[in-house]
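Protein chains in written order, with my numbering: chain A, 1129 to 1638; chain B, 1234 to 1518.
Hints are computed from structural coordinates only; laboratory data are not their basis. It is possible that part of the hints are untrue.
To be verified - To give a feel for the contact side, a few chain A residues facing chain B, derived at Cβ under 10 Å:
1. Q1136
2. R1398
3. S1403
Claimed, not checked - Label pairs and their computed distance ranges (CB to CB):
4. G1244/A - L1345/B: 51 to 59 Å
5. P1261/B - D1610/A: 40 to 48 Å
6. L1345/B - S1634/A: 52 to 60 Å
7. A1507/A - T1290/B: 44 to 52 Å
8. E1193/A - A1259/B: 54 to 62 Å
9. G1545/A - G1379/B: 45 to 53 Å
10. K1546/A - G1365/B: 50 to 58 Å
11. I1310/B - D1623/A: 55 to 63 Å
12. L1345/B - D1245/A: 48 to 56 Å
13. T1289/B - Q1595/A: 40 to 48 Å
14. D1610/A - T1290/B: 41 to 49 Å
All of these numbers come straight from a predicted model, not from anything done at the bench. The beta-carbon is built from N, C-alpha and C at its ideal position, and this holds for glycine as well.
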Amino acid sequence: MKKTLMQQFTVAAAVALLSLASQVVAQSAPDKVVIWSPGDNGSVKDWNTDPILAQVEAATNTDIEMVKIGWDVYTDQINAAIASGDMPDIIGVVDHGNISLLNQWVRDGVLVPLEGDVAAGAPNIMAYYADPKNEPLTSLKFSDQIYGVPNFWDSGPAAGNPIHLRKDLLDKYGMAAPETIDEYFSYLEACKNDGLIGVTFSGQNGIVGALAPFAGAHGLPTAGWVKTDSGWGHWAVQPGMKDALLKFREMVSKGLVNLAAWEITGDESRAAYVSGKACSTIWNGGGHIGRIQNDMTLVNPDFKEWVLPAPTDGSEARGYTGGEVSFWGLSFIMNSKQPVAAARVLNYLASEEGLKLTALGIKDIDYTEDSNGITLLPARSEHGFPSEAGDTGAHPLGTTLVSWVPQTWQDFSLLYGKDQAFKDWYAAMWVNMRKYEMPIHGTLIASPLWTDFQATGAELMNRTFLQIVQSGSAEEAASLFDQFVIDWNALGGADATQEMSALLDSMSAK
Amino acid sequence: MAWEKRFSLPKFMIYCILLLVFVIMAYPFFYVLSLAIMPYDEYVKQAVHAFPSGFTTLYFEQILQDGRLVHAFQISIAKTLVGTVLNVLITIMAGYALSRPQLKYGRLLTALFIIPIFVNGGLIPAYLNIRGLGLLNTFWALILPGLVSPFLLIITRTFFMEYPQELIESAIIDGATQLGVFLRVIVPTSTPIIATLAMLYGVGHWNDYFWPSIVVQADLHPASVILQNMVNNRQVLQGIGQGMQLASQSYIAAIAALLIIPVLVIYPFLQRYVVKGILLGSVKG
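Bound-form chain A, shown alone (with noise of 0.2 Å):
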């Protein structure tokens, strides 16, 4: 009896120690984790023996599934994925725009919201919406609830669309800086006299983006809403953008654009400026400008890129056009099997070793970082970073999950190996293009009427916009312009303003 006794605690024992030691086991596993992301693997070559990778998943104790998509047929595949169920745990970057489209995944449960243990486990998620500069985020909401987490790339506004320059153009006119639009068309009717195309942008999709100078200009921003006298108001109807209009069109007659800018593409446009065809461009900024010197650079040395703080016309107002909050694209964490776990990878990839993991690599392989500072090594070349500088330096890891590369790691990449000259010369065009902003509001907001007419209203103001630019006459563009308004307000405007009008000021109220 004894001796069963004593061979049946062995057994029980061993049982206890056995299944004690498989939870052990299954606890330090690492969670599976697929990510569904858009766009093209860039460098990488294999993600399954990817290092960046890798640290990633040692770092956070998951197993990645990365899935690269393409762009056109990404949202088909996610649509595809839910129907089936068979679901990735988190997908990058989705339009946050398509307010639709992202509601119908809240009301079907597809999506998981930033609460309890996935928040606790994003803490530096959670922080992007507690910085104060960040505070518009807070108005991303689905379902009163935060899903989404930001695409970034810098804290604040991000920058618009300002015009481009060339200043050995500017010395060679003996012309100082133009401050007001009228000065700015000087320098464009010089070098259509000296054989050059004046300023050139992509109309392809509208001119709203060369708008923006001119815009600002009139105390107005190219996206969002404004105060108005009665409430707020969306910025294309408002009458300050008539001048605006009258202005840019003031522009197009006197021949002073490139003819071709209303069907070509944003590429074809930096190419026409970056290869000295055209003197001027309205066209991205941020570390475009940087970009852009780089390749001037390479057709002629004496090409010198130059960022015009937004001019005047006339009156005291001016500004670019930026963003509430620099940042394009939500990436989700979805009902599927590991959103805990899911939220560790992103909470890690914008924590400051995960962004420094993706704008570096590994240190004392792909670099080295002493007092005398960062030295990039060879070997990162090898391990999915660009052989060249390429257009933010960083790992296809950084985009279109949580970071876009923030502004500070992209500027490295930009300087690293260039002389003091150019670094000041960069930051001196930050200044330039961020001296004079035009605040937006609402942006990141839509009230049920406005998400049905956003679509209808866009379609009628870009092609009565382009019309108007493009009219025979200063009479006829602003007879054009006032029938816009019409019809904008007729068509459902009228009515989604007074509804957004409603929620701006209860957001402002708290």
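Based on the hints, put chain B in the right spot on chain A.
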């Protein structure tokens, strides 16, 4: 005069117009090829390049050194070869069977093949179908769903309906089975339609990018999907003002060149069959 017979103004005008049309249609291909061999510092010097400036094979070398791209081209070749063979075989078998007057419910079966030309379930039902069959993320997902094109099936059926019945009857009298008739009499004498199907299916497989980008992941993406992703990347990210690693235009052009050249080389040899085959299959009597 002999030269007057050879040369005439109308003929000259026709040749001039044809030359103009050729230049308009061929120039985009030429532009892609010239971008593919253009060094970057030459590319930035001009906004538009009418003719190539500079020469480099750097981008083709980069493609050949990129295992991912080499693998993608291997997938493209395998998909095209295997897919085309299966497509042609199944289509001519189905077309021959549907062309037989003695086939019971032949008209109904033909109608069932025609209906999907006009109506289909859309993306999600097709995706769920492929997933349900366990084909998702397999090589066969690139081939089996599109095994028979209804349009080409109808052309094939019409071709076989015009096939000389006497040849079939004499083979049967000689003791051949139906399969024997098909393999030993029909197939060897149906070169036009087989070449037509091979060309059209082959080009379709080579250029196909939408379904491969949905039903398989990156390790099975053909080169067309890689190219499409790179092009879209540039457009989307430039459009929203984002910086990211962007493949240079010349690198993208080099991939496009490698996708275009095989079709440009092979098509002229099979073109006469394509024209003849489509006409044969579309005109009755």
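Each hint, compared with the structure:
no.: 1; hint: Q1136; result: 47 Å, violated
no.: 2; hint: R1398; result: 8 Å, holds
no.: 3; hint: S1403; result: 5 Å, holds
no.: 4; hint: G1244/A - L1345/B: 51 to 59 Å; result: 53 Å, holds
no.: 5; hint: P1261/B - D1610/A: 40 to 48 Å; result: 43 Å, holds
no.: 6; hint: L1345/B - S1634/A: 52 to 60 Å; result: 58 Å, holds
no.: 7; hint: A1507/A - T1290/B: 44 to 52 Å; result: 26 Å, violated
no.: 8; hint: E1193/A - A1259/B: 54 to 62 Å; result: 44 Å, violated
no.: 9; hint: G1545/A - G1379/B: 45 to 53 Å; result: 51 Å, holds
no.: 10; hint: K1546/A - G1365/B: 50 to 58 Å; result: 56 Å, holds
no.: 11; hint: I1310/B - D1623/A: 55 to 63 Å; result: 57 Å, holds
no.: 12; hint: L1345/B - D1245/A: 48 to 56 Å; result: 52 Å, holds
no.: 13; hint: T1289/B - Q1595/A: 40 to 48 Å; result: 44 Å, holds
no.: 14; hint: D1610/A - T1290/B: 41 to 49 Å; result: 59 Å, violated
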